[in-house]
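Chemist: Each chain, written out:
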Amino acid sequence: MNILELHGLKKYFATQKAVDDISFNIAKGSIFGLLGPNGAGKTTLLRMITGIFFPDEGEVILDGKKFDPLRDIVKIGYMPEERGLYKKMKIGDQAVYLAQLKGLSRNEAVQKIKSWFERLEMQSWWSKKVEDLSKGMSQKLQFVTTVLHEPKLIILDEPFSGLDPVNANLIKDEIYNLAQKGSTIIFSTHRMEQVEEICDHIVLVNLGRKILDGSVQQVKNDFKEHKFSVQFSGTPSDIDSFVFKVIDKQNNKVIVKINEGFGSNDVLKYFIDRQINIEAFNEILPSLNEIFIKQVEGTKAATRSFQKIEA
Amino acid sequence: MSKTALIARREFLTRVQKRTFLLTTILLPLLFFGLYALIIYFSVSSGEKYNIAVADDANIFKGNIENDDNVHFTFVSNETPQTLKQQVENNKYDGYAFIPSNTKVLDKPKIDIVTRKSVGLISRDKIEDKLNAALEQQRLLAFNISKSQLDSAKKEGNIQFSTIEGKNDSGKEAGLSYAIGYIAGFLIYIVLFIYGTMVMRGVMEEKVNRIAEVIISSVKPFQLMLGKILGIGAVGLVQFIIWIAIGVILTLLMPLIYPPLAEAMHSASSQNQAMQSAEVIKNSGVIDNSIGINFPLIIGCFLFYFLGGYFLYSSLFACVGSAVNEDPQDAQSLMLPVTMPIIFGIVIMTKAVNDPASNLAVFGSLFPLFSPIVMMARIAHGVGDVVPVWQLLTSMALLILGFLCTAWFAAKVYHTGILMYGKKPTWKEMWKWAWRRS
Chain A
175 MNILELHGLK
185 KYFATQKAVD
195 DISFNIAKGS
205 IFGLLGPNGA
215 GKTTLLRMIT
225 GIFFPDEGEV
235 ILDGKKFDPL
245 RDIVKIGYMP
255 EERGLYKKMK
265 IGDQAVYLAQ
275 LKGLSRNEAV
285 QKIKSWFERL
295 EMQSWWSKKV
305 EDLSKGMSQK
315 LQFVTTVLHE
325 PKLIILDEPF
335 SGLDPVNANL
345 IKDEIYNLAQ
355 KGSTIIFSTH
365 RMEQVEEICD
375 HIVLVNLGRK
385 ILDGSVQQVK
395 NDFKEHKFSV
405 QFSGTPSDID
415 SFVFKVIDKQ
425 NNKVIVKINE
435 GFGSNDVLKY
445 FIDRQINIEA
455 FNEILPSLNE
465 IFIKQVEGTK
475 AATRSFQKIE
485 A
Chain B
41 MSKTALIARR
51 EFLTRVQKRT
61 FLLTTILLPL
71 LFFGLYALII
81 YFSVSSGEKY
91 NIAVADDANI
101 FKGNIENDDN
111 VHFTFVSNET
121 PQTLKQQVEN
131 NKYDGYAFIP
141 SNTKVLDKPK
151 IDIVTRKSVG
161 LISRDKIEDK
171 LNAALEQQRL
181 LAFNISKSQL
191 DSAKKEGNIQ
201 FSTIEGKNDS
211 GKEAGLSYAI
221 GYIAGFLIYI
231 VLFIYGTMVM
241 RGVMEEKVNR
251 IAEVIISSVK
261 PFQLMLGKIL
271 GIGAVGLVQF
281 IIWIAIGVIL
291 TLLMPLIYPP
301 LAEAMHSASS
311 QNQAMQSAEV
321 IKNSGVIDNS
331 IGINFPLIIG
341 CFLFYFLGGY
351 FLYSSLFACV
361 GSAVNEDPQD
371 AQSLMLPVTM
381 PIIFGIVIMT
391 KAVNDPASNL
401 AVFGSLFPLF
411 SPIVMMARIA
421 HGVGDVVPVW
431 QLLTSMALLI
441 LGFLCTAWFA
451 AKVYHTGILM
461 YGKKPTWKEM
471 WKWAWRRS
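Residue numbers (the working numbering), protein chains in the order written: chain A, 175 to 485; chain B, 41 to 478.
In isolation and in its complexed conformation, chain B is listed as follows:
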């Protein structure tokens, strides 16, 4: 086994065998999902139940209002507000509405609902909706319009968008492209941060433990750095695969466990990154080709930019790690120039996902420090039209070139930094290290 492979193997195994790895990899997403499921559960079945007495003297609502689990309307007659109030106080009803006989449907009728205690937001919405629906129905009847007539009047036209090349450009696709681009860019952003800092801490650990010199008397510093980057990259890959698997399994299982929850979750899922990515993966198998999104291409590009971005940034993080000593605060200040481009990248990405052909987006997707994040947002909108093939190839070539540059720079700085103890160097000094002979 080559020495780089040996180092990578150790880096991988020591991290994967740790208990915290299992915890973060398996329990964290479960916890996340559990929490999320709970929130949805509570918001769907709000425990409130209202039984509202309606004294409908004007005869507007009777017979055209629906009851459900939360809100029940009981129609009463020959009651006055005073007697109703008394019944509410006696817990016979939770509230009452008195509609005087002179109420006109076509006016803007004032309907007072009096309850014992304040009504929760969701129930309030429900009551309002039900009453307004009933009012609308009554008004239509007053105009002699039937419900079916109204429905056919409200039918939407079948509006199709397409590009000049004759490609179908449905809203469904644009929305999906948006989601895929956003998620892919965001995932890469997170990867760069989590695993980049993991590399940095690994290098710092070697310095703090004073083992660096022992190791580099056996292997070249570059081999040590590369082994570390590869090993931690493998940890990241495994973690991601486990997360994706858990996501897929959970989204598939959820409807079986609690069907209403699944429905609610479906509508709410746009808020949740992990959910959404799972959704995308799930859909990728079944999506029909008419929604011209090229999934193999996107997944291939994702892997390329995932690895390219990770290699590029982790070597920079490694060089920060080699330069600092015990003090984590030193790391903070040296890290800033490395983290800034990542944050810029995500800012450009949020613009690029809306307007993938803008100059800023094109620049961001070519410049190697931003391209891993930005290009994914553009690729989702289609390669060939939104992203010309030459741009994709140039971006990839530049990323590889960028990685070679940062790796060269990092290796030089690493070589010097890992044997340095004492004062924290500045970036200017580190730049000098890169140019001198070792």
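Okay, chain A solo, but in the shape it has when bound:
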């Protein structure tokens, strides 16, 4: 069952095609990564999902029904990249206010905020002002206000920027918790190591178009280059085979690329035949980072905003 389906979304601005025909589905309860370089159209896409923009074309299906901003806004928790708080307002009041705007009653809001503050060790903050908080602290507060109303779909745009590792882990654990309780999480970021760690499913957009879609494992498999790392107990001398090419060689370790038409067993067989003792043998999958750079490189993404468009 999909919580969110995008069908052919388009949004053109005067100087660029911000989102140019993007479709994908997000399964309920999954942690989804929306990746892309700066200016790829991620924020515009998210703004259409959250009802801030109307798509020029295409439709958004939320929870099986056509998305209606007025009715469905309560099902979504959105933490935009450009996020902030009212500086002069007390933290408790601020959290209650934002929760009320989402449709919670006052009492409900106060109760939930108190339990969240307790969990994240923020109890003492209640009557402090936002201007007294550090950047990381206000980030924590923003996270709480985003997920407070228990939305089915949580959208986090660069949620870890500015957080120290301890607090980042704290938030990460909460994200896992929420996913376990049935919330779906969309992650928008260009920090690949986090995506690799957290996400089940990713979509890569560039220049307003979708260029990759799949589970992390699958994407990595799709881009594998048949590289293997082999480690020996001794230091073998000249290795040469028509089965593979040696790319890198260290003391007792080589990295090989298998030639077309052969499999990993052929490599093993070669060494076994020569009675070379193998200590470790594993495939090297490309990191998302490498895939990302490979896909985006050379597309002039950086100069995109000045491109000419042909409608």
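Treat the hints with care, as some may be off.
To be verified - No more than 30 Å apart at the CA atoms, straight line, and that leaves these computed lysine-lysine pairs for DSBU-like:
1) K132(B) with K170(B)
2) K260(B) with K264(A)
3) K260(B) with K303(A)
Claimed, not checked - Where chain B lies over chain A, by a calculated footprint (3+ residues, C-beta under 8 Å):
4) 239-253
5) 267-278
6) 456-464
I should point out that these hints are in silico values taken from the structure, not numbers from a laboratory.
Cβ coordinates follow ideal geometry from the N, Cα and C atoms, glycine included.
Since the structure of chain A is provided, determine the placement of chain B on it from the hints.
Modeler: Quick look at chain B alone, frame taken from chain A:
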């Protein structure tokens, strides 16, 4: 509670709970009044005291000149200018006047007053008045005319103005209409400026703090804008009510605290806006119906144009606020097209208050960008004759229509502007935003 109400409530409470709100609302008028009272106090009781020796050899002044707290005339005889001068130098008197025995009352007598130091303006006036009054009296006596005869000769005729409809058009009413119209127009002018810019700054604050996108993922941008306008409007209303209350209380208390001051203030009050408005409010209860000013109508219209003008302009100010970024100077230049009509309005109003039936005044009171300011100046002169009923209704309808237009325009621009960071847009670009689909 609806979301717009929630937003309005927050806007209202955060402003009212601030310490600066209390300061500006309560202390500012008190300070104003205090300063004003001090000025009057000093001008009424000028500390100068003059004791002037008069050697009245011609016998013109003796017995028909009045003394008061400031100026005292002491009549001396058998003195010469030289001896008088000496006595002044010895501090016996502050000055002297020597009137030679050959002075003729009916000529233009030359009277020299010699003082130790220069005489202050007010005291100078007083001395001149007293001497001239005494001279006049003496001249009348010379012509064998008594004071009472002169007074009855000077009696004014009872001249009444009325309009052709038979309506009494007394000068008292015209003056009052003028004052009411001027004050009402001016108050609305100030309201538009103060609270309009307050709305603008509120919108800018949301952009600078980067909270706008968080909020509009929960509410529609129009709800946010409307809530802000309503909340700040409520702040303005509360502030005004407090000011009016303070004004009324102070004008009522003043005579009790210091009676002479009250008298002086009464005569001087025409210079002071706040005082005057308080006066008008105070009088409104007691004014008799013979001075056909329809106060309920005027107050009703004032509230209508107050709110109408505020809504119309504050939505424009909101849209300026949404378009600019951190830099307040950007706001200045974008604000100009919004503030110009307000200033035009006040210029037309000053003309309309003198000539409420002129073409310019009629135009100004119908055109929605000017009408909140100009119409008040005309209404004070009477609805039905100076302002035909159809004009009033048209003006109101146009104002509502104008507000709907600016609100629509502002909402569109606001929607786009509040999410824009970077370059400051021009009005032309903002006009384009208004017409494109979001």
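Chemist: How does the stretch 267-278 of chain A fare against chain B when you require at least three residues with a CB closer than 8 Å, holds or violated?
Modeler: Since 5 is at least three, the answer is holds.
Chemist: With the threshold set at 30 Å, check whether the alpha-carbon distance from K260(B) to K303(A) stays at or below it.
Modeler: With Cα atoms ~26 Å apart, K260(B) and K303(A) stay inside 30 Å; holds.
Chemist: Apply the coverage criterion to the stretch 456-464 of chain A and chain B: a residue qualifies when its Cβ sits closer than 8 Å to a Cβ of the chain, and three qualifying residues are needed.
Modeler: violated (count 0)
Chemist: Does K132(B) pair with K170(B) here, judged by a C-alpha cut-off of 30 Å?
Modeler: Given pair K132(B), K170(B) holds - Cα atoms ~22 Å apart, limit 30 Å.
Chemist: Within the stretch 239-253 of chain A, is the number of residues with a Cβ closer than 8 Å to a Cβ of chain B three or more?
Modeler: holds (count 6)
Chemist: Do the alpha carbons of K260(B) and K264(A) lie within 30 Å of each other, as the hint requires?
Modeler: holds (24 Å)
Going down the numbered hints, you'll see the structure goes against just number 6.
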